[in-house]
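We have chain A already, so just place chains B and C on it with the hints.
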Amino acid sequence: MASQLHLHPDRLFSSNPVERDIARTLYNDVKDLPIVSPHGHTDPAWFALNEPFANPTDLLIKPDHYVYRMLYSQGIRLDELGIWRKDGSCSDVDPREVWRTFAKYFYLFKGTPSSFWLNYVFVNTFGIEVKLDESTADHYYDIINNALKRPEFLPRALFEQYNIEVIATTECATDELSYHQQILDSGWKGKVISAFRPDAVIDPEHEKFATKLAKLSALTDLDCTDYDNYLAALRQRRAFFKTMGVTSTDHGHPTAATADLSHSEAKTLFAKVQSSHFTADEAELFRAHMLTVMAEMSIEDGLVMQIHPGAYRNHNKSVFEVYGRDKGADVPSPTEYIQALKPLLDKFGNNPNLNIILFTLDETVYSRELAPLAGHYPCLKLGPSWWFHDSPEGMIRFRRQTTETAGFYNTVGFNDDTRAFLSIPARHDLARRMDCVYLAELVARHYIDMDEAHGLAKDLAYNLAKRAYNL
Amino acid sequence: MASQLHLHPDRLFSSNPVERDIARTLYNDVKDLPIVSPHGHTDPAWFALNEPFANPTDLLIKPDHYVYRMLYSQGIRLDELGIWRKDGSCSDVDPREVWRTFAKYFYLFKGTPSSFWLNYVFVNTFGIEVKLDESTADHYYDIINNALKRPEFLPRALFEQYNIEVIATTECATDELSYHQQILDSGWKGKVISAFRPDAVIDPEHEKFATKLAKLSALTDLDCTDYDNYLAALRQRRAFFKTMGVTSTDHGHPTAATADLSHSEAKTLFAKVQSSHFTADEAELFRAHMLTVMAEMSIEDGLVMQIHPGAYRNHNKSVFEVYGRDKGADVPSPTEYIQALKPLLDKFGNNPNLNIILFTLDETVYSRELAPLAGHYPCLKLGPSWWFHDSPEGMIRFRRQTTETAGFYNTVGFNDDTRAFLSIPARHDLARRMDCVYLAELVARHYIDMDEAHGLAKDLAYNLAKRAYNL
Amino acid sequence: MASQLHLHPDRLFSSNPVERDIARTLYNDVKDLPIVSPHGHTDPAWFALNEPFANPTDLLIKPDHYVYRMLYSQGIRLDELGIWRKDGSCSDVDPREVWRTFAKYFYLFKGTPSSFWLNYVFVNTFGIEVKLDESTADHYYDIINNALKRPEFLPRALFEQYNIEVIATTECATDELSYHQQILDSGWKGKVISAFRPDAVIDPEHEKFATKLAKLSALTDLDCTDYDNYLAALRQRRAFFKTMGVTSTDHGHPTAATADLSHSEAKTLFAKVQSSHFTADEAELFRAHMLTVMAEMSIEDGLVMQIHPGAYRNHNKSVFEVYGRDKGADVPSPTEYIQALKPLLDKFGNNPNLNIILFTLDETVYSRELAPLAGHYPCLKLGPSWWFHDSPEGMIRFRRQTTETAGFYNTVGFNDDTRAFLSIPARHDLARRMDCVYLAELVARHYIDMDEAHGLAKDLAYNLAKRAYNL
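Residue numbers (full-length UniProt numbering), protein chains in the order written: chain A, 1 to 471; chain B, 1 to 471; chain C, 1 to 471.
It is possible that some hints are incorrect.
Note: identical chains are not told apart, hence a pair may lie in one copy or across any two.
Claimed, not checked - Heads up, simulated EDC-like pairs for lysine to aspartate or glutamate below, C-alpha to C-alpha not over 20 angstroms straight-line: (1) K104 with D87; (2) K215 with E80; (3) K317 with D260; (4) K317 with D346; (5) K458 with D10; (6) K62 with D138; (7) K342 with E321; (8) K86 with D346; (9) K267 with E205.
FYI, nobody ran anything at the bench for these hints, they're computed from the structure. All of these numbers come straight from a predicted model, not from anything done at the bench.
Next comes chain A alone, as it looks inside the complex (with noise of 0.2 angstroms):
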């Protein structure tokens, strides 16, 4: 007989029932509040067209790297998963069958946030009520499937299920928002923006670079292999990103290195990064100016500059030779920010009109550089722990070692990051959840009062998040 699936009210919160009650109290008053998801990686193409997802293992296992990366550390293969590759095409697998070898697996999230994540909407999405492993792997699938079909899981009606306020998707420089056109044009209430991302055409050493230049140049009608002209065709862009919107740029480079080159440098070595001939070294510093250079425009424009460095990327050769990017294979990095970071805070640190949100994937930069950084410069605010630290430790780790030296006010709520639509809700509330324990504990050993947590837990929830997005 299949165990019971439950989820406890009071998951995550301390069992020491001082710290508890005051928990659930804190989570009473934010478990309700909107969902503002300034950071994200969602389709805009599902709230455009609003067609039923396809099956569950398209939904919950082919665009989940949380999920397909760990059942891959144990063997099994990315082909027995269906995964798509760089071509485009996947193994002809049968999704059932993918389903069954994810329930035969999914013992192996114990402890992780992906079960948390996934019970969440295996429970409050689906209504099922027995755990997922092999005996249950058929009653799962019909169950989920069948729900797909009906018009309540149609993309827009579970945005609207799930409170969310407003969703930021992220699109590339030379992205033409069509999808997010659509959405306004349908009249459907639902706000979903994007944010302006220009990796591509910044990082010489991505491997599409020449062609999104190219493309930048049509979009603009500017020559862009000159450097003026470039800079004017990203003003343009992020002109047309804000007039749908767009309240926010992101950066994800390698390293959080930034310079800043005389013009004269800047248009030679930019020259120089669009042949075939420079060197890593080269490429790294076009990138550390732009970011500079990017910060000017943010000035000038108003947008949110998001940096999130510190990815190394793709580094599985052979995985990514044959199914390419985002595929469970990048990794973090150890990352410095305070020789990185000081060409662009000499010139624009102190400029009030300047506002940048800082991530991290190397943990020991928290309390060693990033707070400290951000508990100075007017400029700098803290993103939310990222990726392979959004988990209950990770978030709790995020707060014990920031807060203490920049405060809550220098951080900006959280962020879900996902392109696992249906998880969204389930991210939010171990966020909420997380934050609860954490004001608790600050509680029950008289190091804030009640009233300081209630408006500390709704601005960490709520109020953080739209302020610093301009939301």
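Just chains B and C now, with coordinates in the frame of chain A:
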């Protein structure tokens, strides 16, 4: 109506009743022990001249970079706070207005040790019973301002009220310690000693290096452009400091690098770094060499050597240009000890007459480098969690990450390291509470027993500091 | 009167009753499971010869660098402890005097795992009921000394009493495993295998590299000055170790660097590093290349590969000169894995026949590098917290920082890694308790349920080690 301000007797203790009761018992043993403050930055003039503090703002805001760095990070300009500029001037903002700004933004400090320290001072030194916010700003200002005119708030009276057994200030090697002499001459029984800090005459990159070397020559009647005279002069100054009761030196280098140059190499390098033509590497090598020389002199004269590496000073360029040093713009940086200290340790690491206390701003080295080094070398002990990390969480991280490898007896008790005189009892109280919290955990988990904890609590609060600093 | 020594049944468990009760229940399941010790440094001669241990000092102090490094750090000279020198001699200090010194300073270990381990041995192996201090030193010495003469304290008897299912020692690639053969020949049922450790024939900077290469040639009848013969000889030795029941190799390089040289590059480099004219970089490159070669051989022969990088050996120069290796003067150093392992992983990372267990002394890599790598690559698993970190806090940090990304099933249970034979049950007990503490937290916070915890507790205490090491 303003909210009540109340310091809970159990603050910072666990709310788990077993641990809380143990912590209470241990804390009761140590809360009234005299304060031993072996390292800090109070101004000896306060105790020499014993003049009233000017007003709440000059006393509590303008000298406390923990306070104004947070305000600055949220967009309050330093001139709005009347922060002193490099040239000694400051904006003519009314101190009461500064206090109001501070009160308005006091919520920023929630969850930071500054709120713990300041509320402690408000209640215990000034007897205030309402929380600080905009509505109570003037009430606070009046109470504190009036108090400061009363004899019981003069520096010496507070020193006595605070039960300070001994406090060490920190002075440059070329300081004549005239205020300390004045204190000695006055017949006042308060023990205020100095610490010998030679950074400005050792660091070729210090902006006053040449000036201070000239002063060193003048003071010692030795031509300190010559390396041998320079060493003799340093020995002379150390001897002078010793006659004034000093028991320690302090070295605030950018890194922990040490080196062991031959006499002729050192002589040549010293000549070079006095010219204006030296590289950053040469400056680093000279500082590194001189740290080993300082160790040698410590073996001779018995002064305990404090090494405080890893602060990236004056990170904010324009703040430095206008406001100068120590304006809340210092940040930690990654700091390596294993390789860095090897030359010094190769030479003197097993010498029974050497005592070095190591500090860090890089918490990653607690378990990886510092505890393993201190758990082996007889000359090394670990200073407490420092600066950005002298907070409840920072202190617990220090104990959790050092104790299991280095034990308690390779640590040296608490340093308040502050120039905020009134916060000293609050800082020691916080440290004593957190050590009791840690010990209570160990007792509650039967890792140590209550007898052991009683002894340890007293050692951590009082005995270890006296012993380590020969006080 | 001496204080009573008492091992509390709940030691190390949370004092929060909810968590404590869960931990008790889980611990009850696992406390009596047989000990699987897949990696350690016990001496096979003990089990081959089965002779009585000499005296308390030779058994418990002189081989335990955890013990004497702490004493040394507080000024006790190694000669006062009779520590063996490089030349095999030692001071003629009376073992009873050494024991008295140890007893006098036993308070230094408060709050360290050594006190947990030693007290466990005192109570459970020797039945002692009073605490160790100066007043009880002779009492202890007499009890232990007398016990050691009794048959139930012979190595094999203790092995059986400790319920050791299998133990792996570690031998050099050139070891003839004659003690292991003797054990097999004796008909004793105790399972004592070795692990294949080729460092001395792979590391050109090892002081015995030339000697060991010569021995390798002699043993295999292959001229190992030639690269191809050298590889053939290594294959031969691995095959020999396999015939002796060995299931793993062990690699203790200074870093985790790997490389993939062409055959001709490798041949040339091997010639170079056998000369006396090679650089540190060449030595590093050769070790790096050979780690990839070892992976290739592991794919061929199925030996599980353990990589233990990051120890800075023999940091104390004069201790090394007089006393030699392994004298408590090894320290961790910052260790990078993402770049370091890429060449090996590019070549073999997706090979289903490769099994690598990664260890670290640099805890910052748990969440940043190791868990993300192990949570993706099928060939990688994580060894338990190691050496300086095999302590209550160290173990909790390991679980907290790896589980959420890598899960439990990319870890391999516990290694005691010790040469202190008597402490083995204590070390496994500590590990089992801490895993129960961690699981109890997860259950108490409803992150996993009790059914899941029961299974996990057994996997962590027993099954995972057997599975990962093919035992």
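Hint by hint, here is what the structure shows:
For the identical chains of this complex, K104 and D87 are neighbours neither inside a copy (29 angstroms) nor across copies (58 angstroms), given an alpha-carbon limit of 20 angstroms. Neither within a single protomer nor between protomers do K215 and E80 lie at most 20 angstroms apart by alpha-carbon distance, with minima of 36 angstroms and 48 angstroms respectively. Taking CA atoms no more than 20 angstroms apart as the test, K317 paired with D260 passes between copies only; the shortest distance there is 14 angstroms, against 33 angstroms inside one copy. In this homomeric assembly, K317 and D346 come within 20 angstroms of each other (Cα to Cα) only across copies, at 6 angstroms, whereas the closest approach inside a single copy is 38 angstroms.
Proximity of K458 and D10 under a CA criterion of 20 angstroms is satisfied intra-copy only: 19 angstroms inside one chain copy versus 27 angstroms between copies. With identical chains, the CA atoms of K62 and D138 are at most 20 angstroms apart within one copy only, with a shortest distance of 18 angstroms there and 62 angstroms across copies. Proximity of K342 and E321 under a CA criterion of 20 angstroms is satisfied inter-copy only: 15 angstroms between copies versus 36 angstroms inside one chain copy. In this assembly of identical chains, K86 and D346 lie within 20 angstroms of each other by CA distance solely across copies; the values are 18 angstroms between and 42 angstroms within a copy.
Taking identical chains as interchangeable, the C-alpha atoms of K267 and E205 lie at most 20 angstroms apart only when both belong to the same chain, with a minimum of 18 angstroms there against 34 angstroms between chains.
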